[in-house]
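S.K.: Chains as they are written, first to last, in our numbering: chain A, 1 to 191; chain B, 192 to 382; chain C, 383 to 573; chain D, 574 to 764.
Just so you know, these hints were derived from the structure itself, not from any lab.
Certain hints may be false.
Over 10 Å on every C-beta distance to chain C, these chain D residues come out as not near it, computed from the model [what the hints assert, rightly or not]:
#	residue
1	L611
2	E652
3	A680
Quick list of in silico lysine-lysine cross-link-like pairs, DSS-like style, CA-CA up to 30 Å [what the hints assert, rightly or not]:
#	chain 1	residue 1	chain 2	residue 2
4	B	K318	C	K388
5	A	K113	D	K579
6	A	K175	A	K30
Where is the CB? At the ideal position from N, CA and C, for every residue including glycine.
4 protein chains.
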Amino acid sequence: MVEELKKQYDESIDLILSECKEILSKVDPKETEELIELLCSSRRVFFVGVGRVLLSLEAMAKRLAHLGIETHVVGDINEPAMNEEDLLIVGSGSGESIIPVAIAKKAKEIGGKIVHIGSNPDSTIAKLADLQVRIPAATKLHLPDEYISKQPLTSLFEQCLMIYGDALAALIIRKKGIDVKSLWDTHANLE
Amino acid sequence: MVEELKKQYDESIDLILSECKEILSKVDPKETEELIELLCSSRRVFFVGVGRVLLSLEAMAKRLAHLGIETHVVGDINEPAMNEEDLLIVGSGSGESIIPVAIAKKAKEIGGKIVHIGSNPDSTIAKLADLQVRIPAATKLHLPDEYISKQPLTSLFEQCLMIYGDALAALIIRKKGIDVKSLWDTHANLE
Amino acid sequence: MVEELKKQYDESIDLILSECKEILSKVDPKETEELIELLCSSRRVFFVGVGRVLLSLEAMAKRLAHLGIETHVVGDINEPAMNEEDLLIVGSGSGESIIPVAIAKKAKEIGGKIVHIGSNPDSTIAKLADLQVRIPAATKLHLPDEYISKQPLTSLFEQCLMIYGDALAALIIRKKGIDVKSLWDTHANLE
Amino acid sequence: MVEELKKQYDESIDLILSECKEILSKVDPKETEELIELLCSSRRVFFVGVGRVLLSLEAMAKRLAHLGIETHVVGDINEPAMNEEDLLIVGSGSGESIIPVAIAKKAKEIGGKIVHIGSNPDSTIAKLADLQVRIPAATKLHLPDEYISKQPLTSLFEQCLMIYGDALAALIIRKKGIDVKSLWDTHANLE
């Protein structure tokens with residue numbers, strides 16, 4: 001019984017990691033480069049998403065804050081006003097999630113920059129965005145170049161988004177020459 | 192039927208407002224004065240509480256942020272490290288709530304200032320605090336000077352805390368000569 | 383100095399409580415009656431709002447959960463699917479806040495009931511709603527019957543919403559004959 | 574320039590995925606089996622953690638809710654009381670994080686079951702727990718069998734925790750014979 005479970009567990013871990021590898025290798029490095037430019041040059045970076053996608057974005061926002069980037073999740077208690085020097089990162093696989101669409105429209109009106117991280121290249125949010133970083137993890141629509149995940153719901157997009165955020169952080173650490181040991185100094189200490 | 196409900200509604204509103212008036216009139220102005228000093232002189236102000244008490248604290252943190260005070264709720268995505276120039280505001284009627292006690296001990300260790308807003312004058316948190324602002328809304332213990340609320344659970348403390356926060360904001364607006372109309376400029380606009 | 387502060391503090395508390403009394407006395411009891419019916423007959427009750435209005439709604443959702451009503455704040459980790467037996471409570475003074483409007487439209491599509499608690503009687507959300515509970519605390523538009531608050535931003539609406547929620551809870555406690563002491567049994571105990 | 578970034582990006586993704594594979598392969602299947610038993614037999618499952626570890630736990634709690642398990646994150650608006658039929662999942666690499674330690678002690682007092690998911694086998698939380706699921710991602714202490722991550726802070730533990738949660742979900746889906754397509758029906762639809 002434990003042997004059977006071990007086998008299923010190993011298969012599941014292999015599936016997740018190999019699907020993540022497959023999808024993350026397809027992200028266009030030019031998009032990542034442009035995103036890093038925007039993250040490092042904007043006054044403030046706001047994040048919006050829903051569900052587990054939001055959790056992956058929050059992991060990204062938390063790490064980027066440790067690297068000295070001023071990050072805010074839309075809805076946070078201390079959320080300030082956005083202006084045209086700021087960046088909004090919208091995470092949404094389909095590019096059609098209700099709250100992200102509504103917030104992206106508002107950010108556009110304000111005049112800030114918008115980056116969409118999603119899988120669908122042709123969506124309401126993609127059209128509003130200054131840059132799309134495409135993580136091509138298929139969900140409901142199936143484009144010729146999309147890998148169709150064997151995992152439930154949009155798990156693959158959420159996993160890729162969390163790992164992509166940590167790869168971004170690694171690239172920024174290298175670019176800025178940040179001493180990794182110093183990161184504990186900016187980390188929340190009331191926990 | 193609507194008449195009966197209207198009567199009960201009016202009684203309920205009267206009870207809430209008269210209990211709030213009674214309790215809030217007992218807050219020692221010296222404690223409020225000292226709290227305002229600390230709020231205006233600290234580098235950052237952190238807030239910790241649980242349940243509906245936390246919601247009232249968050250309302251306070253949000254408004255104080257509009258007034259130019261850097262506020263953080265413990266656990267927020269962009270929570271920075273606390274240091275000895277910072278202030279922790281702990282909201283807890285009993286002064287014994289588990290998470291607030293644990294966080295207050297940690298803040299003490301770090302060397303920051305601690306303010307306890309609570310009803311019980313003799314509690315674990317009160318002893319750790321540099322200042323207690325006492326809002327004497329009885330919950331479970333009954334001191335001679337405590338009013339015993341007719342409302343369920345700790346509703347009265349939570350209501351008083353929210354209103355106290357808004358009175359604090361009004362005092363700070365007057366002290367700093369802030370133009371109230373300008374507050375819309377610092378208010379979150381992605382909503 | 384403390385005397386001056388005490389005077390300002392008393393004025394501020396008086397202003398808040400008298401404005402709340404003024405506004406809350408104007409709420410139509412028929413609307414409250416209908417809201418109580420919906421709260422007690424719906425399968426699940428969802429809440430949506432932003433900023434400090436959301437905090438007041440969350441205080442309401444938390445207390446109603448203690449009374450045996452299944453409540454969910456939109457965006458919560460364990461948020462289930464809504465269906466046509468469910469109720470969405472939208473808190474928004476203006477009735478035009480972006481996220482509440484977007485969520486109300488979605489709930490309409492799903493076929494659930496919608497209650498708008500707001501001040502503006504003629505807004506996008508008011509038009510979508512099955513019921514409006516009007517708390518006439520003026521914000522930006524000024525209708526003939528609206529009281530114009532002397533407090534900053536939308537403080538008055540937020541205060542009234544929190545107190546209104548507690549009055550609602552008191553009415554439901556009486557209607558259902560709930561033993562107030564039993565409420566500690568359903569209250570979160572991991573804090 | 575893009576070529577150099579592409580190289581660094583690929584290295585970073587490879588490092589993350591290979592470290593995750595290494596660590597996740599070391600999890601003892603008996604611990605996973607026992608955890609699945611507890612998840613499927615408990616009345617309610619509560620989750621507590623801090624920072625990015627909490628985000629990974631929330632991703633787990635959200636997915637398990639889709640599978641019909643009643644999950645609650647400590648601090649949520651609709652958090653009910655815990656009792657001895659319930660389970661608390663504590664996520665903490667070191668097993669010494671302040672809030673998780675405090676909540677685990679309280680849960681022990683209440684009489685519920687406690688599972689610690691962490692890396693340190695010999696910690697305050699590990700001693701309180703009925704079961705430890707060990708994800709041996711080294712942080713600060715370095716046991717002979719621990720892999721020392723090349724990633725900053727506790728990134729590796731957080732990544733492993735998210736992926737482990739999704740593997741758990743896959744095992745439960747198989748065990749219960751859940752139709753994956755049906756999961757969209759229980760998924761939040763107000764977003």
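S.K.: Would you mind marking each hint as holding or not holding in the structure?
M.R.: Now the hints, each set against the structure:
no. : hint            : in the structure
1   : L611            : holds (17 Å)
2   : E652            : violated (4 Å)
3   : A680            : violated (6 Å)
4   : B:K318 / C:K388 : holds (26 Å)
5   : A:K113 / D:K579 : holds (24 Å)
6   : A:K175 / A:K30  : holds (15 Å)
Figure legend: structure checked against the earlier numbered hints; hints not met, in rising order: 2 and 3.
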